[in-house]
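Following the hints, position chain B against chain A.
As they're listed, the protein sequences go chains A and B.
At position 389 of the first sequence (counting the first as 1) the number is 389 in the numbering used here, and the numbers step up by one without a gap.
At position 1 of the second sequence (counting the first as 1) the number is 1 in the numbering used here, and the numbers step up by one without a gap.
What the hints contain is simulated information worked out from the structure, not anything from laboratory work.
Among the hints, a few may not be true.
Here are the simulated lysine-lysine pairs, DSBU-like style, with alpha carbons at most 30 Å apart [to be verified]:
(1) K325/B x K29/A
(2) K49/A x K2/A
(3) K97/B x K2/B
(4) K26/B x K143/A
(5) K29/B x K338/A
(6) K2/B x K4/A
(7) K143/A x K4/B
(8) K337/B x K4/A
(9) K2/A x K181/B
(10) K4/A x K91/A
Number of protein chains: 2
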Amino acid sequence: MKKKIGVGIIGYGTVGSGVYHILTAKAQKLSTLAGVDIEVVRVAEKYPKRMKGEVPSTLITDDAYKVINNPDIDVVVELIGGIEPAYTFIKAALENKKHVVTANKALMASRGGALLGLAERNGVDLYFEASVGGGIPIIMPLKHCLAGNTIYRVMGIVNGTTNYILTKMADEGMSFGEALKEAQAHGFAEADPSADVEGHDAAAKIAILASIAFNSRVTADKVYTEGITGITYQDIVYAREMGYIIKLLALAKADEDGIDVRVHPAMIPEKHPLASVAGVMNAIFVEGDAVGEVMFYGPGAGRLPAASAVVGDVFEIAQNIHLNKFGSMACGCFERKKIKPVEKTASRYYMRLEAEDKPGVLAKISKALGDSEVSIETAIQKNSSGDRAELVFGTHLVKEQNLQKSLKKIEKLDVVTKIHNVIRVEG
Amino acid sequence: MKKKIGVGIIGYGTVGSGVYHILTAKAQKLSTLAGVDIEVVRVAEKYPKRMKGEVPSTLITDDAYKVINNPDIDVVVELIGGIEPAYTFIKAALENKKHVVTANKALMASRGGALLGLAERNGVDLYFEASVGGGIPIIMPLKHCLAGNTIYRVMGIVNGTTNYILTKMADEGMSFGEALKEAQAHGFAEADPSADVEGHDAAAKIAILASIAFNSRVTADKVYTEGITGITYQDIVYAREMGYIIKLLALAKADEDGIDVRVHPAMIPEKHPLASVAGVMNAIFVEGDAVGEVMFYGPGAGRLPAASAVVGDVFEIAQNIHLNKFGSMACGCFERKKIKPVEKTASRYYMRLEAEDKPGVLAKISKALGDSEVSIETAIQKNSSGDRAELVFGTHLVKEQNLQKSLKKIEKLDVVTKIHNVIRVEG
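Next comes chain A alone, as it looks inside the complex (with noise of 0.2 Å):
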C-alpha cells in the first residue's frame, strides 16, 4: 500500500472550495504521479455552512487547530487571506512540523522571509505558488529553471480588476467609473475596491517577484504605488494615438544602486507581449542576463486558475516527502540590497497639459522642461475648444526628481491652466 499523505485546509472560501474539489476529483492521477496518495483529512472554516453537500461532515470543523495540530496532517493549506489570523495559523503549523501551501500574497510580501525562516529553521517547506499570477506557474519557473540567470527586470500586469477596468475603458470608451461598475457587477471588484485600484494587490506580488528575482528581500511596503483612478478615456486615446496602451504595471528593476520597484500606470508600446493582455488575464515579463525575455501569461484570479497553483504546491509537496528531500523552495534572500527611493528612478513620461492657446505657450513650457533637465521627445498640440489647447508631451528617459521638478516650474506659469496627467512610459 502506498504511503498517504494527509492535507488540511484552512479556509473554504473560492479558492478553499476548487482546491478541495482538484484534490478529490484528481485523487488518483496524483497519487501515480506523486508515488503517494493524497488525502484532504480536514477542512476548517469559520462559516462551516458553507461546506455542506460539497465535503463529509466527518471532515468539517470551525476550529483551525483542527487542522494545525492534526497528527494525520503533512501539509497544511492556508486560503482564508490576510495577515492576521492567517499568520498565526502559519506560524502555529511549521512549528508543529507541517509543510504549509498558501495563497496569501499580503502575509508573504510583509512577512515572507520570517516565515521562510520559521520553515527552515524546522525542516519544512513553505510554497506560495498562488500568491503571485493565480494559475500561471512563476514562483518555480523563477526560482529554479531560470536559477543561471541574473535577472534584471520582472514586469508584468498582476492584477486582473484594474487591467478589466482598463481594457473596458479602452475598448469601450468608458470612464474609470462606469469600468468599475461593471467590474464590480461581473465580480471582478470589491465592493471596496481599494486594494485593487490604488495598486496595493499589485504591490504585494512585485514585492514577493522582486524578492525571489533579485535574492534579497523587498517588502510590500517598500514597494512605490500609483493606482489607476486618475486616468481618464481621453489619456487612453492620446496613448493610442503615440503608438501605446496604459496598463497598470508592477515593476522591479536591479542595478549596482540598487532594486528599483513600483507598480503605477504605465504606457506600454503596443507591439510588446504586455499590451495585449486584456481583461482579467495577467501576464509576467522576466528579463535576465542567459535567457533574454521569458513572459509568463494567464488567469490571474480565479477558483480554479488558484485553486491550480495550490495544488501544484500540494502536488510537489507530497512527491517531495516520498522522495524525502526538503528545502527545494526555501527562501534564496541571500543578499541584502537596497530599495530605490523614486525620486532616484528614471523613466520616460507622458504629459497632458492644458494651456491658453496663444504664441509663445510651447516655449515656455519647453523652458520649463529644459530647465529641469527634462529633454522632450515629442510635443502634440490639440486645439481644443475655444481659447485653450491640450499639449501632449513625451520625454526622453528622465529622472524622477527632475521630472518633479519641472511639473513645479510647468504649474506656476500663468499660461497653464491645468496639469491633466502624467504617466510613465515603459517597455
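Chain B only, in chain A's frame:
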C-alpha cells in the same frame, strides 16, 4: 566545506559553450542557492580546438567516455544532438549512475521513454528542459505546477526558423524562398533547412510536450507533419483580410478517443496571444480544466537561452543531490492512449482556389463541398486577371476525411483550374 557536484559536458558547440560560460560565471550564486558547489570537471568535444582560450586545458578531452566514466562527475550534460552517438552516451552515463541533462529533442522524442525508464531503474534523473522552447521554462511547469490539471490541449509556435520566415513574409511581402535566404543569412536557418521548414523539429517538440501533458508516450514519428514550403504571400494576405495570421503550429489535443497531435501551418485569430509571437520567438499555450489557458513565451533557441534551460536543470539536480532526492522528473506516462490518425481529426479550414470567372461556378464548388459534408462559413470571390477568379472559402469545423473527399471532387470540376492552398484554422 560544501559538498561538490561534478559536471561533465559532452559537446562544446553553441549551447555547450553557453552552458560552460554560465556555470563558471554564476558559480557562486548557484552554490549559495543550491547548497552545493557546482563545478565543471571535464568537457568532451570532437573538435577540442573549439575550446581553446575558453576552457582550461586540463578540462579538455576529445573522448566522451572521459566524462561518462569519470568518478568525479555526478551530472553529464549531453549537447551533441542527434540520435547517435548521443543515445549510446546517455545510456552509458545513466548505467554509470550519472544524472543526465540534455537538450536533445530528436532523441527525447524518439527514445525518451526508454531513457527515462533507464534513469529510473538506476536511481538517477534525466532532465530535458532545453529540448523544447529553448530558454522558456515549460517542461517543469507542465510536469509540476500544473499537475492538478487534466490537460486538454497544448499548442504552440516551437520553431523559431519557420516563425522568422513567416514573419518576414507577412511584414515585408517576401516569398518563402526570399525569407528563407534572409533567415540563412542571419544564421536562423541551416544550409539544409528541411528539418525546420518541413516541420520535423516542431514534431519532435510537440511529441515531448504531448507525452508530458497527457501522461502517455507520443513519439515524433506519430505526429502528422506538414511544413511551410507551400505557404505563399497571397495566403498571408487573404488570412489577414479574414482576421488571421498564418503560423506553423504544433498542436496536441486529447479526448476520450485518443490524442490528436500534428504540426502544420494554421491560421490563428489575430487577437489570439499566439498571433503576436513574431520572429524567432516561441510560445506555448496550455489549456487545462483547472487553470484555463496559460502561455509561456520567450526565445526558442540561441546560445544563452538554451544554456539557461540546461543550467536550470543542472541546478535542480545539484540541489536534489544535496537534499538526497531523485525521481521528481521521472516519466509520467502511466497511460497508453492511442494516437488519432489525421483523417479522424477535425479542423476549420481555409481554402484558396482558382476557377473560371463565369456564372454557376460558386454553385458547383459549394455543391462539391456540401456533398462531402463540408460546411462553408465564409466565401470570398476575388476577380483576378482576365477570365479567372480567385475563390477563398472558410469552413466550419469539419472532419479531415470529409475535407479530403471534397478536395477530390473539386479537383475534378472542369471550372476549377487550380487548388492553390488548404490551411487549417486553429485557436
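So, going through the hints one by one against the coordinates:
For a cut-off of 30 Å, the pair hint linking K325/B to K29/A stands: about 21 Å separates their Cα positions. Straight-line distance between C-alpha atoms of K49/A and K2/A comes to about 33 Å, which puts the hinted pair past the 30 Å bound. Among the hinted pairs, K97/B with K2/B is consistent with the structure: their alpha-carbon atoms are about 22 Å apart, no more than 30 Å. The straight-line distance between the Cα atoms of K26/B and K143/A is roughly 15 Å, inside the 30 Å bound, and the hint therefore holds.
A C-alpha spacing of about 18 Å is found between K29/B and K338/A, which places the hinted pair at or below 30 Å, so the restraint holds. Distance restraint check for K2/B and K4/A: the Cα-Cα separation of roughly 34 Å exceeds the 30 Å cut-off, and the hinted pair is therefore not satisfied. In summary, the hint linking K143/A to K4/B is supported, as the alpha carbons are separated by about 21 Å, within the 30 Å threshold. For the hint pairing K337/B with K4/A, the CA-to-CA distance comes to about 28 Å; that is within 30 Å, so the pair holds.
Our distance criterion of 30 Å between C-alpha atoms is broken by K2/A and K181/B, whose separation comes to about 58 Å. Between K4/A and K91/A the CA atoms are separated by roughly 24 Å; this keeps the pair inside 30 Å, and the hint holds.
Hint compliance for this structure: hints 2, 6 and 9 are not met, and every other hint is.
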